[in-house]
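The lines below spell out each chain.
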Amino acid sequence: MRRTVTIVSVAALGILVVGSYRLENEVESMHRRLAGLDADYLQEQRNVQVLRAEWSYLNQPERLQELAARHVDRVGLQPIAPGQTGRLDELPFRPEPAIDENAGDGWDAVAGLPRPSFKPALPAGVVFASTGRPQ
Amino acid sequence: MMPPRYDANLRPPPPAETGARPDPGTSRTAATLRTGRSRLHCLALVFGLAFVVIAFRLSGVMLFGGAEEMAVGAERARSAGIFDRADVVDRNNNLLATNLLSPSLYADARLVPDPEAAADRVRSVLPGLDRAELVRKLASERAFVWLKRNLTPGQQYEINALGIPGLGFQDEQRRLYPLGNLAAHALGFVDVDSKGIAGIEVYFDDELRRAAHGGESLGLSLDIRVQHAVRDELQNAVKTFRALGAGGIVLDARTGEVLAMVSLPDFDPNHAGDASQLARFNRVTLGVYELGSVFKIFNTAMALDSGLVGLGDGYDASRPLRVSRFTIRDDHPKNRWLTVPEIFVYSSNIGSAKMAVDMGTQRQRAFMQRLGLLDRPTLELPELGAPLSPSPWREINTMTVAFGHGLAVTPLQVAGAAAAIVNGGVLRPATLLKRQGPPPAGARVVSKKTSDTMRRLLRMVVLEGTGKKANVPGYVVGGKTGTAEKAVGRGYASRALITSFVGIFPMTAPRYVVLLLLDEPKGSDATFGYATAGWNAAPTTARVIARIAPLLGVEAVDEGAPEVLEALDITIDKGRARLASF
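So the sequences go chain by chain: A and B. Residue numbers for the first sequence follow my numbering, so the first one is 80 and each next one is one higher. Residue numbers for the second sequence follow my numbering, so the first one is 472 and each next one is one higher.
With the rest of the complex left out, here is chain A (with noise of 0.2 Å):
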């Protein structure tokens, strides 16, 4: 009796020791994930920054306008003039299609609405260009 106690009680504690230190590994391993992340999480801060900044640097009022100026000619952006702006209520209602009740299949229904076209095409020679870095 003594003897099983005894052996269950030695092995219970090495089960302890194996644990506790398994344990404790894990959560230091862990603990150097979290620093990693910690630090990844910050640079990534930094960069978010930056960029931030560059935005911000790239789109001065000043830089647009004499961009737009400079490429007028191509993408013609221009001022609003006061008649170019409407409101929602002054657009008519686009009219009824006619629905004929005793069309077969529902699709009937939409003959008379345009069909979706096509995305139209970038015009040739427009490139995106990828931004520099300021400085």
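Hints may be right or wrong, so weigh each one.
If the Cβ cut is set under 8 Å, some of the chain A residues that face chain B in the computed set are [what the hints assert, rightly or not]:
no.	residue
1	A132
2	Y136
3	Q139
4	G155
5	Q157
6	G162
7	P171
8	E175
Per label pair, the in silico range of CB-to-CB distance [said to hold, decoys possible]:
no.	chain 1	residue 1	chain 2	residue 2	range
9	A	H150	B	R966	17 to 23 Å
10	B	L1036	A	R142	25 to 31 Å
11	B	P636	A	R142	40 to 46 Å
12	B	T623	A	A148	27 to 33 Å
13	A	L143	B	Q907	53 to 59 Å
14	A	A147	B	D1040	36 to 42 Å
15	A	A147	B	S795	54 to 60 Å
16	A	H150	B	D585	32 to 38 Å
Source of the hints: derived by calculation from the structure; they are not laboratory data. Here a beta-carbon is modelled for each residue, glycine too, at the ideal position from N, C-alpha and C.
Dock chain B against the given chain A, drawing on the hints supplied.
Using the frame of chain A, we list chain B on its own:
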């Protein structure tokens, strides 16, 4: 065999001979064993309890959430805000000021072998450094000495490539203003240790530091698109009219928010140290000017609001007014009896002065006080100029203040007061911060009726009077010109002018006030030699309004439409009469 000698103080009894057990009858041994056992039991109990506590705690954490632990995690994430100064953004969240890390070069002078040679090599990369000072620093034997703050990555690479022992880099935060000059005077700038020195940066220094940890940013009322339009047009005007400088402000007439604030010449806050004193000077909030006829807005509003003068009344403006050694003349003389609307629309100094005298010095002074024109303006900037008001306030001062001389105020205050006159009569403090929620109640300065009349009169100035060139078809612009001679010493210089224009649109229901001012514009062939406000400030305002109105969502209307004409019609005493039919 002798019984073992037993001394408890020295050591435990040696094991007994084979098979022999300690004599249970020996009472001392038994007592020791009992004590040991009970101690063991106590210890076991303590450990057992501890384990039970730990077990409870563990199962508690595992089963029931662990809100505190979550909070710890969130705290970690928050404290990861890496910069110690918050961003500043405009009303549409465009970045105006932010932080970047940039390397700074330092030296451990004890490790630098040959200061002279090292200095020469460092200067091959950074030629801006003074050689003598560099040698002194490198030979100082100090463990840490800054050589150059905020290098570019390229410079860092080149210094590294030199391979000089004892040099090192440390990442430092640097305040960056990505939009350069655009909003320089509003933003201000910081010193090399990121401490606010001017503008918003110093006014909100503490708040910007505190907000940095939460990752929040400071939202200004400025709109960079409007800001750019104003700056661009003012730059053109300065060039065209060969002016010394210019200032401009766009105010939301209903909320008091400043949408644009420009002072020319301006500077780049990224290199504020290189800027001249003049460039750093904010003409809009710090400069005080006698703005001339723009003040007739306030004079006329005061007269109409008093109830003593109606639109049908008038004053004799047929000959110049002589008061002691002064003579008051009209710039656009009609040489006849003028009604109150005519005095305003044709900008008659004589009529305005007589009207002011009629109202009395007390009333004028109280009215200017109510409009906030006698106190230092309020705005979230440290650079605020106190007005120069006449002291004592004599009758001659009453006359000159009526047409904007003798009382020097900041353009900011004039724009704010003009907004109050047209927005229904309520003065709201101007602000550089984006308003959250409804605007403050403000203080009533004139009645709704007076405000309504002034709205119509201001429109007449643009249709019939001195501000014709400020008209932008569709946006129903109203406004008032102001041409003032610059005060030089104790007198005025007739060749040096400050011209200004207060433009308001749309006059049917005023939403925005634009005040532009030009410092010493010159006449040209295109203006037939004139340098008055109607020839420079007014057309510049028109260009600004044409650019910003679509940005601000102001709808262009047909100015001939009956409801627009109705909203701007002027009723004089009994019956209706158009001013044009006078």
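* Any hints from earlier that this structure breaks? Give me their numbers in increasing order, please. => 4, 5, 7, 8, 9, 10, 13 and 16
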